[in-house]
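*Asks:* Listed here are the chains, written in short residue letters.
2 protein chains.
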Amino acid sequence: MTLIVALDPPVGLGDPLTWALGIVDSLHGVVRGFKIGLPFILSAGIKGVERLSERLGGAMLIADLKLADIGYVMSISAKLLADAGVDAVIAHAFVGYKDALEDLKKMCDDLGVKLVLVVAMSHRGASEVMWKAYGDLLEIALKVAPWGIVLPATNTDLIRMARKRLRENMRILSPGIGVQGATPGEALCAGADYEIVGRLITLSRNPYQKAIEVLEMQKEMMRLCS
Amino acid sequence: MTLIVALDPPVGLGDPLTWALGIVDSLHGVVRGFKIGLPFILSAGIKGVERLSERLGGAMLIADLKLADIGYVMSISAKLLADAGVDAVIAHAFVGYKDALEDLKKMCDDLGVKLVLVVAMSHRGASEVMWKAYGDLLEIALKVAPWGIVLPATNTDLIRMARKRLRENMRILSPGIGVQGATPGEALCAGADYEIVGRLITLSRNPYQKAIEVLEMQKEMMRLCS
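Chains V and Y, in that order, are what the protein sequence lines are.
Take the first sequence: its letters are residues 274 to 499, numbered as in the numbering used here.
Take the second sequence: its letters are residues 274 to 499, numbered as in the numbering used here.
Misleading hints may appear alongside valid ones.
Treat identical chains as interchangeable: a pair holds within one or across any two.
DSS-like mimics (lysine-lysine), calculated; alpha carbons at most 27 Å apart, straight line [stated by the list, open to error]: (1) Lys352 / Lys483; (2) Lys352 / Lys320; (3) Lys352 / Lys437; (4) Lys371 / Lys483; (5) Lys437 / Lys371; (6) Lys437 / Lys320; (7) Lys405 / Lys437; (8) Lys405 / Lys416.
Simulated from the structure, these hints should not be mistaken for lab results.
I would like the entire structure built from these sequences, with the hints used as guidance.
*Replies:* Printed below as a string of C-alpha cells:
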C-alpha cells in the first residue's frame, strides 16, 4: 500500500474529530496510514488522537507536528503522542543530531515509534534556506537513521538523489500530490515508497472512490516508468 | 520587566496545568510573560491554555511550538492558539518567507498576536546546519519584521550581530540561562530585551524568591556592562 492520507480538517466544517473519523472509516483497508498535524491535535486534543488511533484497523497514525526543538522537548512530546496511540512522529532534520535528533531517535526506539525526518519541503519559501542546506540535511538523516524521510513530490530530483544515498530500508514519504501540483505516481517513480495525499481525497465528495482512483493512477505510472 | 519564564512541566510531578497555575500565581507582577511549549499543550490541551491565559494578570502568554510548516498550517495553528488567549507565537525562520512566514505574519497581524521567530538555537546540534545559515535566517527575520526574534544567551556574539542589524523596536528574546549555562544579565548586556528562564526558577523551592534573585542579577550585570 503506497498511499498515506493527510487528515487536515477543513476550517468551518464542524467537529474535526467527527470529520476525521468519517474519512478513516471510509478508507478502511485502502491506505497505509493517516497523517495528522497541529491543527487537528490542537482542536481535537490528545483524547481525539486516542479516539482516532482506536479506529485505524491496522493503518498507521503519523503525527506530523514537524518537531523542531531540543531533544528533551521533542522526546517528551513523542512520549505523549505514543501514549495516545501514534505510530510515527515527524521531526525536522535541520535541528541537527547532537542534543536534538539523537535524543529523539533514542526515545522513539524505546517507545517502538517510527521516526520520520523532513529533509526538504516544497513551498516557495523552502528555496530560501532549506534547499541550500539539502546536502547537510540529508547527511543528518543518514546519521540519525530514521524509519523514513520526507521529500516533496514536486521536486523529484531530490527524491532521485536521496534514493541513491539511502539504505534500501529507509522509506521516502512524499507529499505535494494533487492541490500542490504533483501527479499520483510521480514520486513513486522517482524512488519514493509512499505518497501523502490530503485535500484531493479528503475534500472530494467520495473519498473512497478518489483514493481508489489515486491508487490506480499510481499503478499506471509505475507500470510506465519501470 | 526583562524576564520571561518557561513553563515546561517536569515529568511525573502531577497535573501540568495545576503545576503551571501554581508557578503563574507565585510570580504575579514580577515577570513580563510565560512561555509554554508542546509538552504543556499536548498534556493540558487547548482548554488548559485557556485556563492559564485567564490567570496571567497582565503577563504575556507565548506559545512556543516552534512552528515550522507551510503558511496555511501555521496560520490555522496560530488562530487556534489566539482563540485560547495566547498573546504570541514562536515559529522557525528556517521555513522561509514565501508561502510560509509571510502568511503567518499576516494572520498574526489580523489576530493581534505577536510573532516571534527563532533565528538561532543553542544546543550542540544547532551548529550542524542552523548556525551556518545564520545570515540567511536573520535576513528572513528582517523581511518578515516580527515582534521579536529568539537568539541564545549562550552565544552573545549572535545577539550583538543581530542587534546592530535589527530595528530598535524588534525585540530579542534569549533562552539558555541557568541550566543551559548562561548567567542572568549576559544576554541583556549583549542587546537582548528579555531573558527566558525555565528550570532555574520553576524547579526551585521558592520560584518567587528565585525570580527576584534573577532580576537582581540582571540589574547588577546591566549596571556593570553599561
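*Asks:* All hints are to be evaluated individually against the structure, with a verdict given for each.
*Replies:* Tested hints:
1. Lys352 / Lys483: neither (34 Å within a copy, 30 Å between copies)
2. Lys352 / Lys320: Intra 14 Å, inter 21 Å, cutoff 27 Å: intra and inter.
3. Lys352 / Lys437: Neither: 33 Å inside a chain and 41 Å across chains, both beyond 27 Å.
4. Lys371 / Lys483: Cα proximity of Lys371 and Lys483: none, with 43 Å in one copy and 30 Å across.
5. Lys437 / Lys371: Answer is within: at 25 Å inside a copy they meet the 27 Å cutoff, but 30 Å across does not.
6. Lys437 / Lys320: neither (41 Å within a copy, 47 Å between copies)
7. Lys405 / Lys437: Cα proximity of Lys405 and Lys437: in one copy and across copies (19 Å, 26 Å).
8. Lys405 / Lys416: Classified as both; 19 Å inside a copy, 19 Å across copies.
The structure fails to meet hints 1, 3, 4 and 6 from the earlier list, while all remaining hints are met.
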